[in-house]
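Residue numbers (the working numbering), protein chains in the order written: chain B, 1 to 457; chain Z, 458 to 709.
Treat the hints loosely; a few may be bogus.
Simulated crosslink set (SDA-like; lysine to any residue; CA at most 20 Å straight-line) [as the list claims (entries may be wrong)]:
hint, chain 1, residue 1, chain 2, residue 2
1, Z, K673, B, L426
2, Z, K574, Z, E594
3, Z, K669, B, Q332
4, Z, K574, B, A273
5, Z, K574, B, I284
6, Z, K574, B, E323
7, Z, K574, B, I274
8, Z, K669, B, E323
9, Z, K574, B, P94
10, Z, K673, B, E323
11, Z, K565, B, A301
12, Z, K673, B, R326
13, Z, K574, B, G282
Partial list, computed: chain B residues near chain Z (C-beta under 10 Å) [as the list claims (entries may be wrong)]:
hint, residue
14, L69
15, L288
16, R289
17, E292
18, D313
19, A324
20, F347
21, N352
Now the in silico label distances, taken between C-beta atoms and shown as ranges [said to hold, decoys possible]:
hint, chain 1, residue 1, chain 2, residue 2, range
22, Z, D501, B, E292, 49 to 55 Å
23, B, D222, Z, R545, 57 to 63 Å
24, B, T291, Z, Y633, 31 to 37 Å
25, Z, I538, B, L228, 42 to 48 Å
26, B, E223, Z, P528, 38 to 44 Å
27, Z, P528, B, D222, 25 to 31 Å
28, Z, P592, B, V338, 18 to 24 Å
29, Z, G696, B, A437, 53 to 59 Å
30, Z, A485, B, R187, 52 to 58 Å
Simulated from the structure, these hints should not be mistaken for lab results.
For glycine and all other residues, C-beta sits at the position ideal for the given N, C-alpha and C.
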Amino acid sequence: MLGQSVRAPDILRTPAFRIAGISVAILLIGILLLFAFIYWETAIYETGEMDRFLERQIGAMAQSDPVNLVNSVTQRQPTSGTAYAALFDAARQPVAGNLASFPASLAIDGRAHAASIGVDRQVRAAAAILPDGRILVIARDVSELSQLQQVVLRALVLGVFPALALALAAGALLSWRAVRRVRTVQRAVARILDGNLSERLPTRGTVDDFDRLALAVNRMLDEIVRLLDEIKGVGDNIAHDLRTPLTRMRARLERGRESARSQEALEEAVGNAIGALDQSLGIITALLRITELEDGRRRAAFREVELSRIVRDVAELYEPIAEAARVTLAMQARQPCVIQGDRELLFEAVANVVDNAIKFAPPDSTVEIAVIDGEAGSIVRVVDHGPGIPPDQREAVLKRFYRGDKSRHMPGSGLGLGIVNAIVNLHHFRIAIGDAAPGCVFDLICAPISEERSTVK
Amino acid sequence: MESHAVEMARPMASRGAKILLIEDDVEACDEIGEDLRGRGYAVDVAGTGTAGLTAARSGVFDLLIVDRMLPELDGLAVIEILRREQSRVPVLVLSALGAVDDRIVGLKSGGDDYLTKPFALGELAARIEALLRRPVETRSTVLRIGPLSLDLIERKAKRDGRTIELLPREFKLLEYLMRRPDQVVTRDMLLEDVWHYRFLPQTNLVDVHVGKLRRKIDAPGETPLLRGVRGAGFILVSGTGESVPGAQNIKS
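Full structure from sequences and hints, please.
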């Protein structure tokens, strides 16, 4: 089907064509109603008016003086080509007036009837018997009316059918265009399915439904590509981060086997190898943890938690670590601050941020931890005076496995901030990284961002 | 922390304790069984859930190690059946499932402790000891281990009359260790039981805390009481001699 030209039956089946068909039908009904009205107006109404006039006229004339009647019949004669008046004797022979013969089959009852005069002159005529036995006939020509009717009918034929044809053609054109766009999209989708992920649905730059749909699909494709890249990146990173300790481990074991001269040397080699293995296992555990957090089911377990308390606990837990690194922990969390969340996870997130800050803080510097009131909500702010994070890397540090060049030598799985990010996303919170000149300001903005924004992101 | 004295302190296992290992992976069984026998336990092995259940019902075991995924009858079902039959034997659950939920499910079905694969053999041994020996409960308000004493009411610690100033967390840590004298406690056990945290610290948190406590307890020149155990964790020895007695030595 794909790649073929647009065929006629396809056009007939499109919704656009069906709509065109319905429109044509409605138009047709409208036009027919209009013509019915015009026809009624001319043929029925006008004829009726004429009939009433003729009947009134003949009634009046029949009661007038017989001498005057002959005069008025005779006088009427030249006034109008459309008006006839004549007197016939009882034998229906003309006495006076402009009719040469009595109209055939005209009933003599004082009422108006259709009749014909001469060869083909159509008239409305009325006949009445006068008291003296003569017959009065008056008639009016209706050929103007029938001409009008014919004009109307011609207009119908000449106007309606082209209009119908035009409507159908427009419908067919629209349908053809719709089918053609669907085909284009189908071909684009086929190319994407074939693995060409850079392909996008064509748009026209208009704001029609098709374009909006195509733009939505394109945004979805962008997101898919981004996720795929991320997975690929994660794969590369897993390979890299696991390969490093595994290579080291292999080298140590090999050297131990080849050159260890004593029991102690061998034990040391094995011990080091186990250390490297533990590091690899730590990476796997942290990865599984992030996957677990990204599941989102834990949101059901959210409770009211006191943020300042969590931050104080973290500070207490990390006090000796800071001390060992000759870093001062400065803590500032005043009033209680209650938010919705998972206590253990928030603790883990804050702990990882503080852990990170202490790792990068130079000796004899201060790491400041504070709970402050931000515009959107409470903020846990951790400030260190280490090397800081360049603006272009601030987003990347939150990704799994990211390690700045400066931190390659640091211990840890490299997943600490990845876990923080996963926890923050689970809470619909936000992270902002700033500059402490020198150093890094790390804000956990503990205000749920709206569902919409978090999904669009 | 490597600079601290790390001694190969290997306390003797609870003497002759009989352990039933229900695990279908033959290689894992061999490794675990061999290690535990080396530590002085008697180990029986069952390869399926039903075989394990039958063996456990004999009632001769002091402790069960149960893998979650077993042929025929899964590990948690075995534990649930035993618990319904009023068996109170301590059970350690082994599992490759490490998520928080999995752990909760494992403990809810009647397990006493939960260990995620892969684990260090030292971790397993420490947890087995912890399950076999109940922590010291004393009516006295003062815990005494060798030269150490800990007053639970006054919140004061002393070593041979020398007062040791402790922060609240250090006090809790020392109390935990003193209730488990001559018993290896691992980093994970401390993190879970003393700090009640179930996350993976990116730093050697526990080592730093223990190191700080150690410097307060073991002044220069004194016999180290709080020692590191390589590949496992820490141990608080009750004797001042170099040998580590297996018997509990509490004067309360």
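Hints and how they fare:
no.: 1; hint: K673/Z / L426/B; result: violated, 41 Å
no.: 2; hint: K574/Z / E594/Z; result: violated, 31 Å
no.: 3; hint: K669/Z / Q332/B; result: violated, 24 Å
no.: 4; hint: K574/Z / A273/B; result: holds, 18 Å
no.: 5; hint: K574/Z / I284/B; result: holds, 12 Å
no.: 6; hint: K574/Z / E323/B; result: violated, 34 Å
no.: 7; hint: K574/Z / I274/B; result: holds, 15 Å
no.: 8; hint: K669/Z / E323/B; result: holds, 10 Å
no.: 9; hint: K574/Z / P94/B; result: violated, 130 Å
no.: 10; hint: K673/Z / E323/B; result: holds, 15 Å
no.: 11; hint: K565/Z / A301/B; result: holds, 17 Å
no.: 12; hint: K673/Z / R326/B; result: holds, 19 Å
no.: 13; hint: K574/Z / G282/B; result: holds, 12 Å
no.: 14; hint: L69; result: violated, 117 Å
no.: 15; hint: L288; result: holds, 6 Å
no.: 16; hint: R289; result: holds, 7 Å
no.: 17; hint: E292; result: holds, 5 Å
no.: 18; hint: D313; result: holds, 9 Å
no.: 19; hint: A324; result: holds, 5 Å
no.: 20; hint: F347; result: holds, 7 Å
no.: 21; hint: N352; result: holds, 6 Å
no.: 22; hint: D501/Z / E292/B: 49 to 55 Å; result: violated, 35 Å
no.: 23; hint: D222/B / R545/Z: 57 to 63 Å; result: holds, 59 Å
no.: 24; hint: T291/B / Y633/Z: 31 to 37 Å; result: holds, 32 Å
no.: 25; hint: I538/Z / L228/B: 42 to 48 Å; result: holds, 47 Å
no.: 26; hint: E223/B / P528/Z: 38 to 44 Å; result: holds, 43 Å
no.: 27; hint: P528/Z / D222/B: 25 to 31 Å; result: violated, 47 Å
no.: 28; hint: P592/Z / V338/B: 18 to 24 Å; result: violated, 35 Å
no.: 29; hint: G696/Z / A437/B: 53 to 59 Å; result: holds, 56 Å
no.: 30; hint: A485/Z / R187/B: 52 to 58 Å; result: holds, 55 Å
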